[in-house]
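Chemist: Under the UniProt record's numbering, the first residue of the sequence shown is numbered 1, with each subsequent residue one higher.
Source of the hints: derived by calculation from the structure; they are not laboratory data. Check the hints yourself; a few may be wrong.
[Claimed, not checked] List time: in silico DSSO-like cross-link candidates among lysine-lysine, alpha-carbon distance up to 27 angstroms: (1) K88 with K26; (2) K14 with K190; (3) K80 with K141; (4) K26 with K80; (5) K14 with K80; (6) K156 with K26; (7) K14 with K88; (8) K26 with K137; (9) K80 with K156; (10) K14 with K137; (11) K141 with K88.
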Amino acid sequence: MSTLRCGLIQLGLKADTRESPEQIRKVMLEAHVPYIEQAGQAGVNILCFQEVFTLPYFCPSQDIRWYAAAETVPDGPTTKLMQEYARKHQMVIIVPLFEQAMTGVYYNTAAVIDADGSYLGKYRKTHIPQVAGFWEKFFFKPGSSGWPVFETRYGKIGVYICYDRHFPEGWRALALNGAEIIFNPSATVKGLSQYLWELEQPAAAAANGCYIAAINRVGTESPWDIGEFYGSSYFVNPRGTIEAQASETDDELLIHDLDMQQVLDVRNQWQFFRDRRPDQYHRLTQSE
């Protein structure tokens, strides 16, 4: 398709973190449904939610109770529910979840569902932070997904999750594998990294000649209160220009039409893939 209509949903937490993980998931899914329906009625082709969208961002804690929040992918309840909505609206849906791969092994994952409701596969977050407020290694095993690109009804898409965005190698790997749009569901607060929010992803879009969709949640989450999730979800084009952006504070469905001809035009103008020198990049794959 020459024009793709895409949607991003950013929401604040709607449940009390003292509730059970099952109750929180129920409340968050109920909060998302009106936005999913709105996206479907607006003719959105591809829809993406924020990181671990059915839950609070629980990683400021190191509390094993949150292990009970994980679910299997693709046969868990949330993936199956989103397959129904994908079929209903003929809409590709990217579903970021806390995944249980086996007893005691968990990943930060995004399932990708095609417009007919079929499950295409998943991406597992590759780079896992371990700093104050973001104790993710306590919860998530690093993924080794091999930079999958998903051939959807509407185009070739990739997924990169939150902290991944600080590592340019993954953007390049996804683009080399054919991604024309890369979605980056996130949970990030005001402070140290906010200045990078509108710097890294536009730079990655320009360097790789692709669209990038950046998604963040909004509000604060007790009892951790590590800061305010500042929303500002956006679409950036292959020239590195932000074309549409959500607010810092509001629940919002951001809908934008992407001119996919730009991907071809920019890659033909800037022959970065032709002029790469992978024979000279051996240092990039050395561990020390």
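Chemist: I'd like to know which numbered hints this structure contradicts. Please list them from smallest to largest.
Modeler: The structure breaks hints 6, 11; every other hint is satisfied.
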